[in-house]
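K.L.:
Chains as they are written, first to last, in our numbering: chain A, 275 to 634; chain B, 275 to 634.
I should point out that these hints are in silico values taken from the structure, not numbers from a laboratory. Watch out, some of these pointers could steer you wrong.
Since the list gives no way to pick one copy over another, a pair counts as held whenever it fits inside one copy or between any two copies.
Here are the computed lysine-lysine pairs in the DSSO-like style, where the Cα-Cα straight-line distance is at most 30 Å [stated by the list, open to error]: (1) K601 - K309; (2) K608 - K474; (3) K601 - K346; (4) K326 - K309; (5) K346 - K362; (6) K362 - K601; (7) K362 - K309; (8) K346 - K326; (9) K362 - K474; (10) K362 - K326.
Number of protein chains: 2
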Amino acid sequence: MPTLQLDLGSRSYPICIGPGLLGRSDIIAPHIAGKQVMVVSNETVAPLYLDKTLTALIGFHCDSVILPDGEKYKTLDTLNTIFTALLKNRHDRSTTLIALGGGVIGDLTGFAAACYQRGVNFIQIPTTLLAQVDSSVGGKTGVNHPLGKNMIGAFYQPRCVIADTDTLNTLPERELGAGIAEVIKYGLIRDAEFFVWLEKNIEALRARDPASLAFAIERSCRNKADVVARDERESGERALLNFGHTFGHAIETGLGYGAWLHGEAIAAGMALAADLSCRLGWISAPDQHRIEALFVRAHLPVRAPAQIGSEQFLDLMAVDKKVSGGKLRLILLKGIGQAVISADFDPQLLRATLDACRTA
Amino acid sequence: MPTLQLDLGSRSYPICIGPGLLGRSDIIAPHIAGKQVMVVSNETVAPLYLDKTLTALIGFHCDSVILPDGEKYKTLDTLNTIFTALLKNRHDRSTTLIALGGGVIGDLTGFAAACYQRGVNFIQIPTTLLAQVDSSVGGKTGVNHPLGKNMIGAFYQPRCVIADTDTLNTLPERELGAGIAEVIKYGLIRDAEFFVWLEKNIEALRARDPASLAFAIERSCRNKADVVARDERESGERALLNFGHTFGHAIETGLGYGAWLHGEAIAAGMALAADLSCRLGWISAPDQHRIEALFVRAHLPVRAPAQIGSEQFLDLMAVDKKVSGGKLRLILLKGIGQAVISADFDPQLLRATLDACRTA
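Using the sequences and the hints, build the whole thing.
P.N.:
The structure is reproduced here in C-alpha cells:
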C-alpha cells in the first residue's frame with residue numbers, strides 16, 4: 275500500500291500518497307505504538323480535516339492542540355504550547371504526536387516529538403503541497419529564532435507520512451504556488467527529465483489536475499527520499515535540497531516571517547541562484563531563461579523585494595547555516611538537473627546578482 | 275590520559291578526572307573541531323573558573339554567555355538566551371559549546387548544542403560533585419517545564435567530559451552533600467562493595483579528602499559509563515539510574531524548583547523508595563536502617579517535606595516519565611546494590627510510605 279519507502283535502516287518509514295487516505299484507520303493505526311495520541315493542527319486546517327482524522331483513530335485516547343496559523347508562530351513559545359497540552363493531558367513516553375497541517379505544523383510537531391520526554395513517536399499528515407513534496411519527508415524539524423530561520427531544531431524521523439491528495443482541493447492559490455516552487459526545485463537540482471515534464475505540465479499543476487499533481491508529488495518524494503537515504507544528517511549531498519534557500523531565507527528574515535510564503539521566497543532564491551550561476555558561466559543564458567520562465571508561468575516571484583538592500587541581504591545570508599568556517603557556501607547550478615555546493619565564486623558576481631535581481 | 279572512556283561506538287568519549295585539568299589545552303583542544311567556541315557558565319562559576327578555562331582555549335575564537343545561577347533558570351527561556359548569544363556572535367555549525375558549571379549548566383548547554391542548527395559539538399566541564407558523578411556523563415540534556423521536571427530534552431552526547439577535582443574546593447557544603455547523594459545511589463542500585471566503602475568513608479567525603487573524593491568520582495563514573503554504554507536511550511537498565519527520582523522530582527516540583535537541591539530531593543526520594551521496598555518485604559529492616567543512616571551521616575534528608583500532602587505527592591509522581599501506559603513504575607530495591615524497576619507493588623503500601631516518611 276505505501277507508495278514508497280524512505281530507507282534509513284531501523285528508522286525507515288513509508289510514505290503513502292493518494293486520494294481518500296485521511297479517514298483510513300488501516301493506514302495510520304499500525305504506526306501508533308501506545309494508546310495516547312496528540313493531534314497538532316492549526317486554526318485553518320483543523321475545521322477542515324480534524325474530524326476526519328479522528329475517525330481513523332477510534333480506540334485511541336486522542337487529544338488535540340490547535341495552534342494559530344502562520345510561519346510567524348513557528349517559535350519556541352508555540353512549541354511550549356504543545357508541551358503544555360501534552361503535560362496537562364498527562365501524555366507519557368508512549369504517546370504519538372500527529373502533525374495535521376502544512377510545513378509549519380510539521381516542523382513544530384516533529385521538533386516537539388523530538389524533545390518531549392527526550393523523544394516520542396510522531397506521524398506526518400501534510401495537507402499542503404509544499405509539506406507533501408518536501409517538509410514532511412526527511413526528518414528536518416525545528417523552529418525559527420528572530421535572528422534566523424530554522425536555527426533551532428532536530429533531525430527526527432516520523433513513523434510514517436500520509437499525504438492525502440484530496441486535502442489540496444482546499445489549498446489557497448498562493449500556497450499551491452509555493453508548493454510548486456519546491457517541486458520545480460527537484461527538477462533543477464537532480465532530475466532534468468522531470469524539469470522537462472514540468473515545462474509541459476505546469477499549467478495542469480496550477481489547475482490542480484489530479485493525475486498531474488499525483489505524479490509530481492510522487493516524483494518529488496522519490497527524489498527527496500533518495501537523497502535523504504544517502505545523507506540523512508546533511509553532511510554532503512542533502513545540502514543540495516537547500517537550493518535557493520540561503521537567498522530565500524534572507525528574504526524571509528529580512529521581510530519578517532510570513533510576509534512572503536516560504537515557497538515564494540525559495541522561488542526567488544532559486545532564480546537568483548540561477549542568475550549567479552549564469553554570471554559565473556556555469557549555465558547558459560537560454561537555460562537561465564527557461565528556469566525563469568517556468569517560475570513566471572507558475573506565478574512565482576523571480577526577484578528579491580526592493581526593500582532589502584544588497585548590504586543587508588549579504589548580512590542576512592551570512593547568518594545562514596551553510597556558512598562554514600566563516601565562508602559563505604552557496605548551492606548553484608552547473609546545468610538544469612545538476613546542482614553543486616560551492617564557496618568558489620567571485621563575491622562581486624554575487625553582489626551583481628543582488629543588485630540586478632530586485633523588484634523595481 | 276583519560277581516566278575512563280564511555281563506549282558508544284562512533285559517539286564514544288573520554289572522561290578525564292583529576293586535579294589541575296582546567297587550564298590544560300592538551301586535554302580540551304583535541305575535542306574542538308572548528309575555530310569557534312561558546313563557553314556557557316553562570317554568575318557563580320564564571321568569576322571562579324572562566325578565565326582559567328579560557329587560557330586553555332587560546333587560538334580559538336571564544337565567546338561566553340553567563341546565565342543566572344539556579345535550577346529555576348533551567349527553562350526554555352534561558353535556552354533561548356544561549357541561542358541568541360550564538361546567533362548574535364554568528365556561530366556556525368562547526369562551533370563547539372562548552373558547559374562550565376553544575377548540572378543545570380550542563381543540561382542547558384547540552385540541550386542547546388543538540389538543537390542549535392540541529393546539532394553542534396559540546397564539551398562538559400562539570401564543576402560540582404553532582405555534575406561530575408552524574409549529570410555530565412551519559413548525554414541526558416534538557417530543561418524543565420512548569421508542569422514537570424526534565425520534560426523537554428534530548429539524548430545528546432558530549433565530545434569529552436573534563437572533571438577537575440580542584441573545582442570542588444569552592445563548592446558550598448549543601449551542594450557537596452547533594453553530590454554525595456548521587457554517589458550513594460550507585461552503591462544502592464548496583465555496587466554493594468562501593469556502598470560498604472561509603473559506609474567507611476562518608477565523613478572523609480564530607481571533609482573533602484582529595485583521595486576519597488577522587489576514588490568516589492571515578493567509581494561513580496565507571497558505574498554510570500557501564501550502564502549508559504549498555505542502554506544509551508533508556509529502554510531498560512538505564513532507568514535504574516533514576517532510583518529515587520520519581521519521588522525526588524515530586525518533591526522538587528511540589529516545592530518549586532530550587533527550594534531543595536536536586537541531590538537533596540533525590541536523597542529523600544531514595545530513602546522513601548527504600549522504605550517502600552522494606553514494606554514490600556524486598557529488603558530487610560536492618561538494610562533499610564543502614565541506608566537511612568548513611569544519608570543521615572551525609573547530612574541529607576530522608577523525609578519528604580510536610581507541605582506536600584500524600585494526594586498531591588501521588589499526583590506529582592503520576593506526571594513522571596516512568597509512567598507507562600497509565601501505570602506508575604518505580605525503581606525499588608531487592609537488596610543493597612540491587613535495584614529493579616517495577617509496577618508490581620500494592621498502591622496502599624506506597625500510600626503508607628508517603629504518609630509515614632514526612633517531616634513533622
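K.L.:
What are the numbers of the hints that this structure violates, sorted from low to high?
P.N.:
9
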